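Residue numbers (numbering that gives the first Met the number 0): 0 to 253.
Don't take each hint at face value.
[To be verified] The calculated SDA-like cross-link candidates involving lysine to any residue, where the alpha carbons are at most 25 angstroms apart (straight line), are:
1) K132 / S193
2) K243 / Q203
3) K132 / D191
4) K95 / S44
[Said to hold, decoys possible] Pairwise CB distance ranges, derived in the manner of DEER restraints:
5) K221 / N155: 22 to 28 angstroms
6) P84 / W111: 29 to 35 angstroms
7) P28 / K221: 42 to 48 angstroms
8) R245 / P112: 38 to 44 angstroms
9) K95 / P28: 19 to 25 angstroms
10) C82 / L1: 42 to 48 angstroms
Read the hints as simulated data drawn from the structure, not as lab findings.
In this text the structure is predicted, and so the values were computed from the model without any measurement.
The beta carbon of each residue, even a glycine, is placed where N, CA and C say it ideally should be.
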Amino acid sequence: MLWEWLVMPQGLKNAPATFNRMVSHVLPPLRAFAPSYFDDIFVHSRAEDGLSAVDVHLRHLRKVFQKMRENKLYANLKKCVFCAPEIPVLGCYVSKSGVRADPEKISSICSWPTPKNQTELRQWLGLANYLHKYTKDYAGLIQPMSSLLKKDVAWNWRPEHQDAFDAVKKSLASAPVLMLPDTSRPFHVVCDASDFAIGCALMQFDAEGRERVVIYQSRQMKPAEKNYPVHDKELLAMRYALIKFRVYLLGEQT
Numbered sequence: 000m001l002w003e004w005l006v007m008p009q010g011l012k013n014a015p016a017t018f019n020r021m022v023s024h025v026l027p028p029l030r031a032f033a034p035s036y037f038d039d040i041f042v043h044s045r046a047e048d049g050l051s052a053v054d055v056h057l058r059h060l061r062k063v064f065q066k067m068r069e070n071k072l073y074a075n076l077k078k079c080v081f082c083a084p085e086i087p088v089l090g091c092y093v094s095k096s097g098v099r100a101d102p103e104k105i106s107s108i109c110s111w112p113t114p115k116n117q118t119e120l121r122q123w124l125g126l127a128n129y130l131h132k133y134t135k136d137y138a139g140l141i142q143p144m145s146s147l148l149k150k151d152v153a154w155n156w157r158p159e160h161q162d163a164f165d166a167v168k169k170s171l172a173s174a175p176v177l178m179l180p181d182t183s184r185p186f187h188v189v190c191d192a193s194d195f196a197i198g199c200a201l202m203q204f205d206a207e208g209r210e211r212v213v214i215y216q217s218r219q220m221k222p223a224e225k226n227y228p229v230h231d232k233e234l235l236a237m238r239y240a241l242i243k244f245r246v247y248l249l250g251e252q253t
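Start from the sequences and build out the full structure, keeping to the hints where you can.
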């Protein structure tokens with residue numbers, strides 16, 4: 000005799016992967032306007048063919064619900080959000096304007112008191128690192144504080160550490176709304192290198208002709224890299240940018 004689950008049981012090791020595989024087979028025809036992440040489906044719409052964004056959105060929702068009905072998938076109405084101008088997605092907020100950081104996370108970082116030891120500094124950096132993609136030259140900003148986390152280094156919080164601490168807070172408090180990547184428009188990459196860090200930004204011009212950031216990336220240099228001549232440091236930054244932004248740049252106009 001064989002037994003078959005009618006619903007996905009909680010706690011099975013392979014449950015997430017099995018469920019995600021099922022969803023990835025069911026929703027591909029709708030992926031252009033209804034991407035999914037595990038059990039979350041994000042339906043986004045814009046005005047087209049003489050219809051308003053709301054009318055198009057309702058049409059998209061009907062297609063999603065029909066596909067769910069055909070495959071006996073059910074939504075929890077209490078967890079559904081309809082016709083919202085902005086939605087939370089994986090720790091950030093997404094709207095037609097772009098992607099912005101969670102204001103609660105920014106508030107937590109900016110209200111954090113000055114660290115009094117290495118443990119508190121690690122905790123704060125762990126929280127701030129989560130939002131590094133919103134901060135230009137993040138690795139360079141935190142470099143003075145990173146030196147305090149090295150092995151066998153005595154804790155000595157000096158003015159330069161406080162300045163770096165405040166600079167990161169200020170940068171995150173004014174974090175930009177990142178542009179959603181538009182594959183119909185060219186990408187361009189901006190790189191820079193200092194004496195101890197390299198950084199880069201992936202950028203695009205939006206429909207209004209404004210130059211906007213898609214994402215920031217940066218890292219501190221390794222000890223040997225700090226000895227490179229200036230032109231090699233710049234090349235290192237370019238190589239780093241092409242690796243980090245590879246998924247955006249391959250096959251696209253730049």
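Hint-by-hint comparison with the structure:
no.	hint	verdict
1	K132 / S193	holds (18 angstroms)
2	K243 / Q203	holds (16 angstroms)
3	K132 / D191	holds (15 angstroms)
4	K95 / S44	holds (9 angstroms)
5	K221 / N155: 22 to 28 angstroms	holds (24 angstroms)
6	P84 / W111: 29 to 35 angstroms	holds (30 angstroms)
7	P28 / K221: 42 to 48 angstroms	holds (47 angstroms)
8	R245 / P112: 38 to 44 angstroms	holds (39 angstroms)
9	K95 / P28: 19 to 25 angstroms	holds (23 angstroms)
10	C82 / L1: 42 to 48 angstroms	holds (44 angstroms)
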